[in-house]
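**Q** Take a look at the letters that make up each chain.
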Amino acid sequence: MNTIELQQTLPEVFAGRDSIVSDIWHKQVALQRGKTYLIEAASGTGKSSLCSFIYGYRRDYQGIICFDGENIRNYSVFQWVAVRKRSISMLFQELRLFGELTAWENVQLKNTLTGYADKKQIRQWFEALGISDKWNERIDKMSFGQQQRVAFIRALCQPFDFIFLDEPISHLDDGNSRIMSEILIEETKKQGAGIVVTSIGKHLPLNYDRIISL
Amino acid sequence: MVWKLLKQHISAAQLAGFFFANLCGMVIVLLSVQFYGDVLPVFTQGDSFMKKDYLVVSKKVSTLGSVVGKSSTFSEGDIADMEEQPFTKAVGTFTPARFKVYGGLGVQGMQLSTAMFFESVPNRFVDVKLNDWTFKEGQEEIPIIIPRNYLNLYNFGFAQSRNLPQLSEGVMGMMSLDIRISGRGQVKAMKGRIVGFSNRLNTILVPEDFMLWANRTYGDNETNRPSRLIVEVDNPTDERIAQYFKDNGYETEGDKLDSGKTAWFLKVIVSIVLSVGLLISILSFYILMLSIYLLLQKNTVKLENLLLIGYSPSRVARPYQAMSIGLNLLVFVLSMAAVVAIRSVYLDVIGKIFPDLPPSSLLSSCVAGGILFLLVSCLNVWAIRRKVNSIWIRK
Chain A
1 MNTIELQQTL PEVFAGRDSI VSDIWHKQVA LQRGKTYLIE AASGTGKSSL CSFIYGYRRD
61 YQGIICFDGE NIRNYSVFQW VAVRKRSISM LFQELRLFGE LTAWENVQLK NTLTGYADKK
121 QIRQWFEALG ISDKWNERID KMSFGQQQRV AFIRALCQPF DFIFLDEPIS HLDDGNSRIM
181 SEILIEETKK QGAGIVVTSI GKHLPLNYDR IISL
Chain B
1 MVWKLLKQHI SAAQLAGFFF ANLCGMVIVL LSVQFYGDVL PVFTQGDSFM KKDYLVVSKK
61 VSTLGSVVGK SSTFSEGDIA DMEEQPFTKA VGTFTPARFK VYGGLGVQGM QLSTAMFFES
121 VPNRFVDVKL NDWTFKEGQE EIPIIIPRNY LNLYNFGFAQ SRNLPQLSEG VMGMMSLDIR
181 ISGRGQVKAM KGRIVGFSNR LNTILVPEDF MLWANRTYGD NETNRPSRLI VEVDNPTDER
241 IAQYFKDNGY ETEGDKLDSG KTAWFLKVIV SIVLSVGLLI SILSFYILML SIYLLLQKNT
301 VKLENLLLIG YSPSRVARPY QAMSIGLNLL VFVLSMAAVV AIRSVYLDVI GKIFPDLPPS
361 SLLSSCVAGG ILFLLVSCLN VWAIRRKVNS IWIRK
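Read top to bottom, the protein sequences are chains A and B.
Each residue of the first sequence is one higher than the last, beginning at 1 in full-length UniProt numbering.
Each residue of the second sequence is one higher than the last, beginning at 1 in full-length UniProt numbering.
Think of the hints as simulated: they come from the structure by calculation, not from any bench.
Bear in mind that the values here come from a model prediction, so they are computed numbers and not experimental data.
Please note that the accuracy of each hint is not assured.
[Claimed, not checked] Listed below are the simulated SDA-like cross-link pairs for lysine to any residue, each with C-alpha atoms no more than 25 Å apart in a straight line:
1. A:120 <-> A:145
2. A:85 <-> B:2
3. B:298 <-> A:120
4. A:119 <-> B:2
5. A:119 <-> B:312
6. B:4 <-> A:112
7. B:7 <-> B:377
8. B:4 <-> A:189
9. B:298 <-> A:102
10. A:189 <-> A:112
Please model the entire structure based on the sequences and the hints provided.
**A** Here it is in structure tokens:
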């Protein structure tokens, strides 16, 4: 997948609003593979909605979203499963980890599906992000910042053309944010993938090709 | 790993409830099917060489009729009328011998000899599987079916009072009778071999081919009207039959009507038990579906997250499908085991009362259980998949 196009897209809940000042809603926007984007927004302007439209788990929008020119509204279940396994990786704002499983089990659950990363690599990421001691800790016993890092590692355990990070560092200190950036750059370079980061204030320190305000 | 995640919230009590309810239902269903298969021969056995649902019909012989010489034979009109009745499948006539027959039997040096008579019915009323039931011109041996009463008469009356050995049916089958037929000034000695005993036919039956040949060769020329008819019917319990016979002054021989009724009652009772079993099975299936729906409902968030990290709906549904199929299979196997155990108990009892009952197999209940298992499992698989799909679509 090389481009994600948004044509006159607007969440249905915004349909009643008169004036919408946005670089994305009701505009023609194309996200290119290999580029890095920052979507800046105030709370409630539809960041997470955008992610959910592109990731196919909500369809309450107007306009058209296309992957490489194909309207995703007509995607089959089968196509969506393939997209989520191979084309788009998503770090959810609400993380969507499984509280009753350990950190490693959460990552493993994704990795056994894709078979992408080896255990050694995953361990290195845990160490780099300073949570190697949480390897066998249950997720619901960990702080939100620690959980964010586990979810980030899980998001890396698959091949992708685009990686979406929805407020990835809301609970991280600058040191860990920097390390996360380094890992992210290294991985996306390896895959030639595009990065889309959303933020309401604190940015993941990267060289953004384009900053879009929602 | 997926299973570790999804097995949470599984309610052992609910599943146990389903398990026992379904087990009960399944055992009742399978047992009634099996019991029906095992016990039905008790009512239908005896004349295994005859088609099942037939009646032997004769006209009443009344004192007045005898005095005024009223015929007790069936005219062609009577037969045609009988054929037109809605309950009739086929009508055959008894052909009597028009020659003289003497039969002799030697037992321990003692010669028993008597005048006899032969009758025949069309071959299609005698089960064709009976290979012995053939006669070709020139054949010296005649296959014969005699009433079982004759054997009883000999065994329990004659043999006991004269200190003669009692004969089993098997021994009788091995003995040959000396048959002498005569007519039109000719005499021919032949051998007779008993190939079957009948509870219901009060006659000495020989193959039709033999009868035609012998009547042609030795018989006088007058043709007798048949005095008895053999009628194949759809359902011997049909009340129209009784009404028709009463209206025309006909009588039926043998106990076919009674045993037909008994078999019919057995069918009714088994159907009732079967429906109760099916009802329990359906209700237990309902419990399982509710339990799984509840489980899926409680795990909705987890299922949703699994779908979002790239698991396909079929992959997510699989553990639950496997669980329900496993449960169903266990129920099937256990209920078959229960049927085998219970069956061995009642077969013992039946075996003592009816020693020569043909052995029946477990096939019918196996097939019934298999069908039930497949049906329930398919429904489970489909319902679970539908529920998971609804979680997918909700987004």
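**Q** For every hint, state whether the structure bears it out.
**A** The hints, checked one at a time:
1. A:120 <-> A:145: Roughly 23 Å between the alpha carbons, so the hint for residue 120 (chain A) and residue 145 (chain A) holds.
2. A:85 <-> B:2: holds, 16 Å
3. B:298 <-> A:120: violated, 35 Å
4. A:119 <-> B:2: holds, 19 Å
5. A:119 <-> B:312: holds, 24 Å
6. B:4 <-> A:112: holds, 14 Å
7. B:7 <-> B:377: holds, 19 Å
8. B:4 <-> A:189: violated, 35 Å
9. B:298 <-> A:102: At roughly 21 Å apart (the allowed maximum being 25 Å), residue 102 (chain A) and residue 298 (chain B) satisfy the hint.
10. A:189 <-> A:112: Holds, because 23 Å separates the two Cα atoms, which is no more than 25 Å.
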